[in-house]
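Enquirer: Below, each chain spelled out in residue letters.
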Amino acid sequence: MSLPADQLADWLQRHLGQKLVAYALGLTDPKMVGRYRTGAVKPRDMVLWRMQSLWQAAQLIHDRHGPDTTRSWLMGINGHLDGRAPAQVLRNATDIEQFGEVVLASRAFVNGEYA
Amino acid sequence: MLLLLPEHGDKPGPTGPWTVWRVGHSAGPKLPPPPKRRAWKGRFDDPDRKFGTLYAAPDLRTALAERLAPLRPGAQSVREMEDLFGPSGTRGLHVVRLSEFEQDVVATATVTTELPVVDLTDIAIRTRLATSNRALLAAHGLNHLDFADLHDRHRPFTQALARSIHLKDYAGVRYASNITGDACLALFEGRHAIIDLDHGPLDRHLDEVRSVAASLGLTVRR
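So the sequence lines, in the order shown, correspond to chains C and G. My numbering numbers the first residue of the first sequence as 1035 and each following residue consecutively. My numbering numbers the first residue of the second sequence as -6 and each following residue consecutively.
It should be emphasised that the hints constitute simulated quantities derived from the structure, not laboratory data. Take these hints with a grain of salt, some might be off.
Simulated coverage check for chain C against chain G, where a stretch passes if three residues somewhere in it have a Cβ under 8 Å from a Cβ of chain G [unchecked claim]:
{"no.": "1", "segment": "1054 to 1067"}
{"no.": "2", "segment": "1088 to 1100"}
{"no.": "3", "segment": "1103 to 1109"}
{"no.": "4", "segment": "1112 to 1122"}
{"no.": "5", "segment": "1141 to 1147"}
Beta-carbon label-pair distances, calculated as ranges [to be verified]:
{"no.": "6", "chain 1": "G", "residue 1": "Gly183", "chain 2": "C", "residue 2": "Ile1130", "range": "28 to 34 Å"}
{"no.": "7", "chain 1": "C", "residue 1": "Lys1065", "chain 2": "G", "residue 2": "Thr124", "range": "58 to 64 Å"}
{"no.": "8", "chain 1": "C", "residue 1": "Lys1065", "chain 2": "G", "residue 2": "Arg214", "range": "27 to 33 Å"}
Even for Gly, the Cβ is constructed at its ideal location relative to N, Cα and C.
Next up, chain G with everything else stripped away, as it sits in the complex (with noise of 0.2 Å):
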């Protein structure tokens, strides 16, 4: 089923020029990875595996939140871990090893489209996609697009969105990090141009790192 979308000429979303910030893989810090490489575990990801999604951020505190976040130690799991086998076996999992990222880089560029984003930050736009989509809202158990259904467990729907959007002819979407609530850009394949990009290794911005690190628990050693 496809999502009714406010035509370009309807309400028009924006086209940049935006500065991003992405923490990725010193081979291609710019690009989605190659088809065979990609999880296509995004929120904004193709269902069915025909495009790929280049997710970053205007904030770069928020582009190292995002790629530091998995390493956050899981309260359920330590838990149930140390009541198993004792506090032993979950020792330092709080540190990020500076050593263990240096194949990471951190990428400034700006990014254009010429077709719109839709931004789901903007509540208007919310409200008129769940208007206008009553039934696949309520296929997927929800009742409106508040950010907290955009987020984690409702991975199919946001999906079947991005989806959507693209047949639309948008070039991706903005919408708010799980992790920080700021906005993130989730570009489509094909639908935007990188200029000005410049990359550097994680060390050349190591007090955002170590702050940020700090405001997810984690511990920064070298």
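In isolation and in its complexed conformation, chain C is listed as follows (with noise of 0.2 Å):
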């Protein structure tokens, strides 16, 4: 399940931030999350890509824990990605492997499973 790009833009920007969507998106404006949001600029398919990823992921650990522990995780060290932060994995990620790697990590993480 995913959404339009306005309302994932809308759901990240409101829970995560603007920078934090901004920089798992590899983006260099975090402005441009906001123009995502209002439908005035519509993103690449690679950018739309990584909000669906960022989007699933985060909703995951957002629903079981909070804002806090969203973003505490998707900035953190994790031994599922190699010891690469997930939204460090997304902002470069560019084939749909890697971007299901960060959803399964979150789904480890909401588990409790040990890296």
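Join the two chains, each given in its own frame, into one complex according to the hints.
Expert: Following this line, the structure appears as structure tokens:
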């Protein structure tokens, strides 16, 4: 399941903050997140894929824990991602396998699985 | 390719009982998550996704460290983000918010197995595995089975090892935590029994939570 780009941007900005979202999406201008949110600008395909994966991973942790844990997890050292932060992996992700790795890592965290 | 392991009668591994700790979801602290919810990302998870693996630690501090470690800010990601957007976006990343862990429970139990566990903390066992499986190690770019070879970056290898150990009728592995270096257990689904389970909220162990969080550079707040 996913959402249209404007709704994804809305959820992500409200729960994670513009700068963290911009970082994870590989953007250089955080205000672009707001433009996606209003529909003024449509994200490129790669950015949209990152948005969808970011939303899937973040929503899972947010629902179980909350906003602070979600933000910390996204920027945290993750043993399931070779010691890289999930936001960092997403920022550099270019294929579907890498997007999926972050979503699976979010599931591992929610489950309390050891790294 | 299957690894050759010492047969049980050759050098049997331990079978417990062990007292173990685990920090997990209140709905199922003593079991691997249901198959549909599994991530299959763990070091000793089955690469073929046929059986689950329960991870636990004989020491509460290790169990807590494994739970909280993914919240440690990554130096690279934080620096990269601050270079791009300034420091305001990374404030508060070191905080563990207790109110966001209310669904977590700290569980302790006694675990027994009828089948032995392969003790990967034992250098002699690791050496035997490495010696009898040189081709497989080489295929994964490994020369030895030192602790570093069993860590994050060799997950396809450790998962293949888990599958092979399961096929050889072992109950799981004893291994060193990536975070603390202390022993952990990875127990295969259906091959262990849990008795004397007790669990309670994270609050019950607040001193340990604060101490472990501090050792990881994290601050606990309500």
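Enquirer: Against this structure, judge whether each hint is valid.
Expert: Results of checking the hints against the structure:
{"no.": "1", "hint": "1054 to 1067", "in the structure": "holds (count 5)"}
{"no.": "2", "hint": "1088 to 1100", "in the structure": "holds (count 3)"}
{"no.": "3", "hint": "1103 to 1109", "in the structure": "holds (count 5)"}
{"no.": "4", "hint": "1112 to 1122", "in the structure": "holds (count 9)"}
{"no.": "5", "hint": "1141 to 1147", "in the structure": "holds (count 7)"}
{"no.": "6", "hint": "G:Gly183 to C:Ile1130: 28 to 34 Å", "in the structure": "33 Å, holds"}
{"no.": "7", "hint": "C:Lys1065 to G:Thr124: 58 to 64 Å", "in the structure": "59 Å, holds"}
{"no.": "8", "hint": "C:Lys1065 to G:Arg214: 27 to 33 Å", "in the structure": "30 Å, holds"}
No hint from the list above goes unmet by this structure.
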